[in-house]
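Turn these sequences into a full structure, and let the hints steer you where they fit.
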Amino acid sequence: MLKIMIIGATSVIAQETARFFATEGAEFFLVGIPADKLVVIKDDLVARGAKRAEVYEADLTDFDKHPQIIESAVQAMGSIDAVLIAHGTLGNQKAAEASVEVALKEINLNLLSNISLLTLLGNYFEKQRRGCIAVISSVAGDRGRGSNYVYGTAKAGTTTFMQGLRNRLAKSGVAVVTIKPGLVDTPMTADIKKNFLFSDPATVGKAIYLGMKKGKDTVYAPWFWRYIMAIIIHIPEFIFKKMSL
Amino acid sequence: MTTPLNRLKQYKSWGRYPTVEHKAIHQIHWRSDLPDVNKFEETVLPYGYGRSYGDSCLNEGGILLDTSYMQQFIAFDAEQGLVRCEAGVSLEQVLEVIVPCGWFLPVTPGTKFVSIGGAIANDVHGKNHHRAGTFGCHVTQFELVRSDGTYICSPTENAELFRATIGGLGLTGIITWAEFKLKRIPSPLIDQEKIRFANLDEFFAISAEMDQRFEYLMSWSDCLSGGDSMGRGIFMAGNFYDPPLGAEPSAKKLKPFVPFDLPSIALNTLSVKAFNAVLYRIPLGKRVRSIVHYEPFYYPLDAINNWYRLYGKRGFLQYQLVVPLEGDNEPIREVYRRIAQSGEGSFLVVLKAFGDIASPGMLSFPMPGVTLALDFAFNGEKTLKLLDELDTIVREARGRVYPAKDARMSPENFRAYYPQWEAFAHYIDPKFSSSFWRRVTESANGQ
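The listed protein sequences derive, respectively, from chains G and V.
Sequential numbering from 1 applies to the first sequence in my numbering.
Sequential numbering from 1 applies to the second sequence in my numbering.
What the hints contain is simulated information worked out from the structure, not anything from laboratory work.
Mixed in with the good hints there might be a few duds.
[To be verified] Computed Cβ-Cβ distance ranges for the label pairs, DEER-style:
| # | chain 1 | residue 1 | chain 2 | residue 2 | range |
| --- | --- | --- | --- | --- | --- |
| 1 | G | Leu210 | V | Gln420 | 47 to 55 Å |
| 2 | G | Leu210 | V | Pro300 | 43 to 51 Å |
| 3 | G | Arg145 | V | Glu41 | 33 to 41 Å |
| 4 | V | His26 | G | Leu210 | 28 to 36 Å |
| 5 | V | Cys101 | G | Arg168 | 54 to 62 Å |
Glycine included, C-beta positions come from ideal geometry on N, C-alpha and C.
Structural data, given as structure tokens:
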């Protein structure tokens, strides 16, 4: 059965994805904060059919601890077949515009922590010569917009890093899956007024599950965001800059 | 995992009548992160998937606590058949987990898109009431968070709160998680039998016999034909199928949906008559046997997403009554006569005999007798007047009307149906209220 490491396991999208793997009897190594919520998720996955689940509390902005997280996962499960990196914050764009500190903090969690983890995981999987690395990026990384470009920058950086990693690891038979959810109804977007573009986290979870199983390169979740973004990235900049999106 | 959580949720009830404005909606994502309800000025009410038909899931001017995000399982004992999960887990999600392990819900209503919290708060019943009672009969314990603290409730611990919360319409606090017993099944298939009956006399005659042979039993009845064929219909009976070794028939899973509100004209007396005539095509007295998957057997309407739209924007009223089985069952006959006279067609009429298994719930609806569930397109005063007339018949027969489906019964009738309401009211959390509760207790509290 699959041995899956989930980093940022309290993310609702990660949970929904994990539930699909759980019904197949997968084993989990759940990383994130806080420990009590990780235990809630562990119990849920086991009840839904997971063979087992281990929890590991870790602050992901503490980069020095990253090697230890991965070593612990390998030690606990023997090996890692797939990893899903799902942690992140939407942040407050206005606050980030007003403060360099806030802006860099966003970049630190949403981009630099990914680079740190992916560097270590990339080497692990390259040596293993099989497996799947999936990261939740965002459609927000496809084009910078006034309303959330700090977040978008972190996601664009993640997407580009993943692209390069995919190119490198293709030779080793490792799948590198970039997931780009659109608007999803989760605690992250609790303060945003919902419209018809919002999706259910379970729908997004299923798209990620299938994308990881098939080892796809890029997964838009749900699928229709591929076409929305295709239009958005092709709007000429002289028009785009005057739009408020 | 696939429950269609309508993310454009409008926080309405399933009948789309009445519609009210709420002050605020609070989503609850973790059972450890409940809001302190004491900090709200307004009253609160838990809201799951909005499958209650009337106003029992609404709290006009107040706050709704959306529990549908709380979807964690806590434990599943596949040996003993015991599930513990959060209140927002839907019956569909429970089925996805338990059916592959050879278990089924002990009791299920006609839709699987309800939450566990809602199943308890409305003490739902199903086709096996005569054998298994209500959902509340199978609940072993739950956690109730009230404005004054957190309580574990079971038949032995905080037993009064346990009894008040089962069928308590969400008024006694928030159920965060619950534990309940499951039923062993040999397969997910149903050995089904359909039998046509010519009128109510035949219904009562066959019903007594069928109750003995079948665990699951309900019938579809035509409320528009009068005279000798008054109440004619079809029994749908079933037991779980124990298949001999070999291939199992697979269920077809088509999912039509209603993409927009139909014009109000779509459901009228003529179309209801046509529908009932088609339904009634099975030859009289003939027993038609088939093996079917549990989904079409239990949840025929779940195959149509948003079926409330069949009734158009005006919405519809559900009405479910129960009256004791007595003599020649004149009250039920009178109900059929009134409906036929009124010309208000009811599309789906479900007729069933309840058994005598008592629920622990204080304010539970089911009681020994015969129950009839109807739905009426909302045609304003005309519809309300008919239902008031039916209320009187039920009241005189010492029966009850189901609060989970009600949007209009009078305070006087409610108190006559549920004389225990004052004893129940003692357990209501002072920070909790609903549009339904204020409506049916209005003059009694002098508000």
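| request: With respect to the beta-carbon atoms only, verify the hint that His26 (chain V) and Leu210 (chain G) lie 28 to 36 Å apart. | output: holds (33 Å)
| query | Is the distance from the Cβ of Arg145 (chain G) to the Cβ of Glu41 (chain V) consistent with 33 to 41 Å? | reply | Because 38 Å falls inside the window, the suggested range holds.
| Given a hinted range of 47 to 55 Å, is it respected by the beta-carbon distance of Leu210 (chain G) and Gln420 (chain V)? | For Gln420 (chain V) against Leu210 (chain G), whose Cβ atoms are near 52 Å apart, the range 47 to 55 Å holds.
| query | Would you say the C-beta atoms of Leu210 (chain G) and Pro300 (chain V) sit inside 43 to 51 Å of each other? | reply | At 30 Å between Cβs, range violated.
| request: Can you let me know if the beta-carbon spacing of Cys101 (chain V) and Arg168 (chain G) is within 54 to 62 Å? | output: Since Cys101 (chain V) and Arg168 (chain G) have Cβ atoms about 43 Å apart, the given range 54 to 62 Å is violated.
Hint compliance for this structure: hints 2 and 5 are broken, all remaining hints hold.
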